[in-house]
Every structure is written in structure tokens, then in C-alpha cells.
Amino acid sequence: MNEDGDAQPEPTGRERQRLLASRLLQYLLLQLLIAAACILALRQSLPEPPAQYLVTAFNLTEGGVARPVRLPYFSPLRYAMDDPPRFTSEFTHSSDDSRRAWSVFLPRFTNGVEVMVNDVVILDSRRDPAANRPDRNTPAIAVIPATVLRDGVNAISIRLFIWGPISGFLERIWVGPDELLRPSYNLRTLIFVTLPVVFSSWQAILAVILGIMWVMRRHEPAYGVLAAAMAVGVGQAFLQTPLGETPFSRLNVVLISSAPIESALVLTFALLLSGWKWRRYGLVIFVPGAVLALSGLFGSPALSRGLFLILALPTVGASLVIMAVVTAHSVLQRNNVASFLLGCAVTIMLTCWIVDLLSVFQMMSNRIFTARLSYSAMLVAIGAGLTWRFARALNQVDGFAGRLVAQVRETEEKLKASFVREEERARAAALARERTRLMRDLHDGLGGQLVSIVALSERGDAAAPIGEAARAALKDLRLVVDSMDDIGGDLMLALGSWRERAMAQLRPHGIALDWRAVTPQGLPVHPELRPWHVIQIVRLLDEALTNAVKHAGASRLTVRIETLASDDATERGSITVEDDGRGFEVPPEDGAAGTTTAARGLRNMRSRAARCGAELVLDSTPTGTRVRLTLPARFPDSDAAAG
Amino acid sequence: MNLPSDQPKAAAIPVLLVEDDAPTLWRLQDALAQSGYRVRAAGTLAEARACLAEAAPRVLLTDLQLPDGHGVDLIRETRQRFPDTEIMVISILGDEESVISAITVGATGYLLKDAFPTDIAATVRDLVAGHSPISASIARFIVRRTQNMPEPPPGPALNTARLTPREIDILWGIAKGFSYAEIAGHLGLSRQTVPGHIKSIYRKLEVHTRGEAVFEAVQQGLIRL
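Quick mapping for you: the protein sequence lines, in order, are chains A and B.
Here my numbering is used: the first residue of the first sequence is 24, the next is one more, and so on.
Here my numbering is used: the first residue of the second sequence is -1, the next is one more, and so on.
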């Protein structure tokens, strides 16, 4: 924020304020227009039957006192159900009309009526649960039985039952041919009875949809709150109980509390939608509804009806006003369509509610309540809007998933290409390493031997040991070729070939080879064994063999192969080459002075053993020489000594 | 050790030697002649065929790379015409690549070109006596093929499916450098039966007919039907 202020110069901030102010003005003007349109629409009266059948002049008998009144009539609240006000009048039925059925049509009354024609009861609205609801503008119509109807003057008497919470009301009534009264009645029924049922059904469906959405997306409580509001509304609309004293009548009273609870829920929803975080003090807005419900459960009906006026109405009004403010703020701050539409809906509801309130306090000449209807319509609109938003979000997710799939595929292709490159590189590197090793091996053995053959042949000496050098070169070539073979880490397989070569080498000299594999499997298997390890070990053994043949004058060579179990459960192989020759003086390990062939051979043996991580022990006595090679528990990965 | 004079009976045995390199041919010829074998020498495939047309040799020693063809063809022809002739490959390195392909057409082991004269004579003598030699590296190659691997290792095709577990055990012993006596001891066999087993191994590795070759190629997954 601070940075923002620093970076943006003062005029811009003022400009922003001006922009906000102008936007607020526009919004308020629009809401005013909407309210005016609403009032205009509410003032439109519904079509009425012909005025000639209107009956307005009545005699009101109340508490034993009779006086003339004109309908529409507002009656003060009274709680005595056994002595209701009684309206009496008369109407004329001409004999020309005898073939047409006649009806009594009561467009609007609170709370209940009992209509008698010629002292015969033809209508009792208290048996119609929908008609018992003061918030519904349920009309009533009753056909006068032909036997009751007389030609000429007939008496009509209406008893008005008032049980609150609002004052009694009786709209003008019509008595005339049924065919003329019926269309008006049907229109009112459609608007005030059927339409609310349709809205309630929509609410029920949306309550289920939003409830499921909330269950699946717990982090968005707005859905859950709205679902709860709708569920309460549906309960209020469909839970209908008879008026009389039954076990359920208490429940009927409790239903009174639905209005404040619903308004509190919708307010919570609007707050959550505008980005407000739920706080515990938010429970305050549910208190009036709870108090009303408790009073309905435990108090008298009169108490709860009295409380309704002082608790429910202000709660609903306050909720509406807060919602209007919050949505207006949200519209200004976020400028989104959803908040704007919600704001318009709140304005409509607020207007309807104020008009209803005026009607309740008898400041209007009629008593058509529209707040409830507009509320239902708004809920349906909100629910539909949310579902639409959800569908759009799903589409976005689909698009996102599509892009993601494309990206993943692209990346996969790249990865595959780079993997192929990497593989080729690795193969090339492995090939180069192998080539280097092969060159070194050929250089160490074959190269030197061929050079010495060249040197020997140039001396022109017939006695020169050219054959021996050539044979050694061939032997080394075979060793190099042999070492390329995959022996699966089993050094015994390499020693098997070495034994054959050793026997061929020893046979001309008459030296016997005693081959002893002490342990049945010979040597442990080393999966990490590499060809260059094998070459080093075999060359080392060759050196020992050559020493025995050339210098020791031995007659018997013993090769002992065994597996030594060491303390830490690892197995180490051991190869011992022992001859019965005359022995030689073992030069010191760091002996640089060794110049004889034998000494050079010993030095080579030591360096080969070191490169493989093996231990070499040389013992030479006048009765024989022993070369003991102890293999490592694990062969080293890199040929450190070779650099 | 094995001096020629020890084996006077060798004199009657005819050997056909096929080798295009003259010094090597002389060397081998001398070694065998000194042991008393009746050696006929051929430098090319055509000469060798001419010799075969005259009389059946008891032993055929042949190089694989010949100026006018491949020794494998000669081995196959000889094997078909003279089933009693013992055949051996002459090789510089004794590498599996060439030796195994010769074995599959009927050869029994190989002889190194630089072997000592006594060893050359001794090898042929053993061969005639029915003792088929098998080197550690060849045994190793065969037993590695008997192990189950995800994909066939490189090298010549070889069907080891007909080898018995005992024969495979013997091959393992040879590959690891054990003597016949040691192998026989480990496996609870008589030392004298080991050469017989080796002979049997050679015969089982041989591909006799074209039909069999196809069958074995299918068995090994080299050909898909």
C-alpha cells in the first residue's frame, strides 16, 4: 500500500476518488430508478370483476355493538377467537340470472373468514392452510348453492378471524355470477398461490444443488449458507399445519421465526460473497430468529406473535439495509456483475419490504404483500446465477486442462528428445571409456610384447626367444578378448580360462598344476566386477606364474581358491599361488631399486593389486614362494591408480 | 609328457588339415606328422573338397576363414557325408563367435594355432579316443546362454533348450576351471562318464537340418511366425 502511495502521485489518488464517487452516484441513481419502477409496478391494481357486483357497505357487529362500515376495513388486533367481528350486508339476486351460478369472491382478507349466505355457511377459509398465511395474498371464492340463493334480496354475513401478528383486514367483496368473478380469482391464485409454490420448488432444487456443491467444496461456505437459506424457505413454504390445537400447532408457531432466520442466512451469504471472513460475532444476526423460535416453542402464541413485530420485521429490514450497503461497496470496489445484480435485487426487495410495512401499519389502502414473492424470485435468481458461474468455472477448468494436456505433451516430446540425446551421449561416453581401457590394456601387454618381438628379430640372433615373446603376445590378446565377455561378476569364470592357459604354459616346463577350490562355489560373486578388474587380477596371476616358471625352478604349482568369511558378515575371496621353487629375496614394498625382471614383476603385481583394492602378501623362502591375493569385499568403481 | 613314441597306433589315423596360412599349416602338419598321423593338407575349400572326395578322414581340422569360402560350410558338408569324422576348428583366439557357429554345424571344440606340438597331438588323440574337449570359455558362453536374460545376449544364435540340468552343471564346472574329476566329485558322477556328457552336449547344440534350424530359431524367438 505504502509503496503504491509513493509510486503514484497525489492527483491520481484524487482522480480515483472522483471516479469512485461518480460510480457511486451512478449506482445510487440506478437503484432509485429501480425503486421507482418497483413502486409504479406495485401500484398497478389487478383486474377486477364488474363493479355492479361489488358489495362494500356493511354493518359491523363487534363486542355486541353494531355500526356501519365500508370495505376495505382494517380491524385492530384482537386475540379472542370465540367472538370475532361480524360483517353483515345484503345483495340482490335477479331472477333472470337463475340459470347462472352465483359466487362470493373475497380477493383479500387477514387472517380468516367464514362466509354465510342466508344463514348458511358456504366458506370457511381456516380449513385452507394456504389461506391462513398472512404473508400470502390468498383469495377465496365460494359458489352459493342454488337452494340457498333466493330471488331478490339475500343476506350475507362474514365473520373475520384475527390471530395476528398483523391486524385484521377485509378487502371489498364481490357477489355475482361465478363466470364473471372466476377470472379475477384465478389470476390472483396464479400470482399469489401457484407462483410461490413454483418458486419454492425451484428453491428446493437449488438447495439440493448448492448443498452438494458445499459438501464437495467445504472451503466455500457461501454455497452452504445459501443452501441453508433455501432449505428454510422451502420448509416455511411446504410445512403447513392446521390451525387448531394439535401437537403440531407449536411447530406452526415456530415457522414464524423462518423470516428472520432466512434473512440472517441471506445476509451472511451476501457478506461471504463480498469477501467478508466469517467471525463469531456474526452469530448476532441469528439471535432474533432464535429468540422467536424459542418463544414459539415455549411461550404462548400471543407472545411469539407480539415478538414477531418487534424482532422479525426489524431484523429483516436491517438485513436488507446491510445487504444494500455491502453490495454497493462491493460494486464500487470490485465492479463485478454478480455484485451489481445482487445489489439491484436487494433494492427491489427493500422497496417491496417498505411497501409491505406501510401496508401492515395501514398506511396503504390495500394489503398485497410482495416482499416474500420478490425474495423467492431473488433466491431463484441467485441460485441460477451461482450455478451459471459454476458451469463457467467448469468450462474454464476444461480449457485449462486442455492447455495443460497440450503443454504436458509438448514437454514430454522435449523430454523424450533430450532423453534420446542424453542416452546417445552416455553411450558415446561409455564407448570412449571402453576404447580408452582397451587401448591401455593393449598398450600394457600386446604392444610391449610386439615391440620386443621386433627388437628380438632385428638382432638376427637365431637363439633369440622370439617365439616365447610372440606366444606371450597372443596370450595377452586372448586375455583382452576374454575379458570383454560378460562373466556376470563371477571371477571363477575368468579363472577357468586362466587355468587352461596356465596349464598350456606349464606343460612344456614339466610343472604340475595343483588346482584347489577349497570352498564349493570358489569365490564370491561381485556384481560390480568390471573387465579391467579381471584383466588386472589375471595379469597379476600371470606374473606369479611367470616368476615360478622362469626364476624359481619349481616343479609344482598350487593354486588355492577360497572364500574367507570376515567379522562383519562380508565375504572376501582369496587366491593363493604357491610354488616349491628355490624362492628369491622379496624386495621392500617401496623398493625403487628393483631392476631385475623378477623385481619389476613383483612391483607390477603390487600396483595391480592396489588398483583393484586387493591385498597382496608375498612370502618367499628357499623352499618356495607364496603369493596370496585377498580380494576386496567390494571392487573400486574407478581405476584410481591409472589416473 | 605325451611324447609321440607313446602312441604308435596313431600312424593309421588319417587327418585332413585345412589351413590357408602356409607357415601355420607346416607347423601343425609337422606336429601331427611327428606323432605319426597320416596328414593330408589343403589350403583352400576347393582342395579340401577334393580331398574329401577321395577318402573320408578320421579327423578334420579346419580354419574358418578360407580364401574361397568359409570353414563352416566344409564342416557341415563333412558332418553330413561322414558322420564318423571328428571335426575341430583351428582358431587364433578361440573366440566364441567363430567356435560356437562351428559347433552348431558339427564341430567338436577348437585347436589354438599356437598350441605346443605335444598339445596339438594330444588333443587330436583325445578326440579320436572319443574325448571331446571343451574349453572353459566355450563352456562359459554356453552356460551364460542357459541363464534367463531379458533379451538374448549378442553373439551367434545357440539353442540350449535341450541341455539337461546335469549337463549344464558340468558346463558350469568346466567354465569355472574345475577338472573332470572335481566335477564328477561335486555332482556324484563317475569320472569316466563326464566325457560322454560333453559329447552329448556337443550333439545337442548341433543344428541338424534346415527344418530343425527353423524350429529352433522359432523356439528362441529369432523368427516370428
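By construction, these hints were calculated from the structure, which means they are not laboratory data.
Treat the hints with care, as some may be off.
[What the hints assert, rightly or not] Interface residues of chain B toward chain A, partial, derived using beta-carbon atoms under 10 angstroms:
{"#": "1", "residue": "LEU23"}
{"#": "2", "residue": "TRP24"}
{"#": "3", "residue": "GLU94"}
{"#": "4", "residue": "ILE98"}
{"#": "5", "residue": "LEU110"}
{"#": "6", "residue": "ASP112"}
{"#": "7", "residue": "ARG138"}
{"#": "8", "residue": "TRP170"}
{"#": "9", "residue": "ILE172"}
{"#": "10", "residue": "GLY175"}
[Unchecked claim] Where chain B lies over chain A, by a calculated footprint (3+ residues, C-beta under 8 angstroms):
{"#": "11", "segment": "84 to 94"}
{"#": "12", "segment": "493 to 503"}
{"#": "13", "segment": "532 to 543"}
Glycine included, each C-beta is placed from N, C-alpha and C at the ideal position.
**Asked** Which of the stated hints cannot be reconciled with the structure, identified by number in ascending sequence?
**Response** Of the numbered hints given earlier, those the structure breaks are 1, 2, 4 and 11, listed in rising order.
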